[in-house]
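The first sequence begins at 1 in this note's numbering and counts up by one.
If you are wondering where the hints come from, they were derived from the structure by calculation, not from laboratory data. Check the hints yourself; a few may be wrong.
[To be verified] Once the Cα atoms are required to be at most 27 Å apart in a straight line, the calculated DSS-like pairs of lysine-lysine come out as:
(1) Lys50 / Lys30
(2) Lys23 / Lys65
(3) Lys23 / Lys13
(4) Lys104 / Lys30
(5) Lys50 / Lys61
[To be verified] Label-pair distances were calculated between CB atoms; the ranges are:
(6) Ala42 / Gly85: 34 to 42 Å
(7) Lys30 / Lys114: 37 to 45 Å
(8) Glu74 / Ala42: 38 to 46 Å
(9) Lys113 / Ser38: 38 to 46 Å
(10) His31 / Ile116: 44 to 52 Å
(11) Gly70 / Asp26: 26 to 34 Å
(12) Ser89 / Lys113: 21 to 29 Å
A virtual CB, placed ideally from N, CA and C, is assigned to each residue, including glycine.
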Amino acid sequence: MRRPCSEKPDSQKRSWSREEDQKLIDYVQKHGEGCWPSLPQAAGLRRCGKSCRLRWLNYLKPDIKRGDFGEDEEDLIIRLHALLGNRWSLIAGRLPGRTDNEVKNYWNSHIRKKLIQMGHDPNNLRHRLIKGSIFIGTTAKSIIIDEEANPHKEDDDDDEPSNNNNNPAAKNLQNDDDDDDHQVFDESSSTSKATKLNLNAFPDLNLDLTLTTYHHCSDH
DNA sequence: AATCCATCCAACCGCGGCAGG
DNA sequence: GCCTGCCGCGGTTGGATGGAT
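Given the sequences, and given the hints that come with them, work out the whole structure.
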């Protein structure tokens, strides 16, 4: 039923040429984003709309930041991934100038590997604490999210060598099998009373996690 | 210099959600 | 309510590149 994306019958991957890029840039600058299905014909491109959209969003858009990820960005990705999972677009939305594809690739090629070397399961990673703020409507609330949902869980499901713990950074991280319930502490509250917040209940939650230097482990 | 292999990342694919008719 | 088309997302692929042998 679906139209095949590629115009080419052999449907092979094909890199974008300079001319194609320029055509796409010119067209979008002139007419704006959107109407992707009709764009290729209008712009004189032998590509499908999806391909044009992807090229624009991931590569040609003027505000895209290219180059290596900084330590702060990497740290933020790890924290956000611990909280959100593989929601790359959401994670990328918190990293100005970065695209979901770029974040995803960086995770798979760098961070994943790094975490595995540290003896952690990157698919099941939880930071203990994430400090940031949430917006509910226009009201900003400063919070700390405590990810330690199951502190008594026995650590027998991965017999990682104990010397992994020699890596101080590894002590930041822990595995658990819990899902999306998080203990959220209202930082501004003098009582420090914890309230349970299911993040799934707030699909439109504007989660503004700002990076903080947060030494929640013995990393010195 | 040639070949092999691992890694990176741009590009593609398939699917689900949503809106409009 | 159903159908169709568009949009956006996450997973996957494969070409390019660089290091090792």
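*Of the numbered hints stated previously, which ones are contradicted by the structure, given in increasing order?*
Hint 4 contradicted; others consistent.
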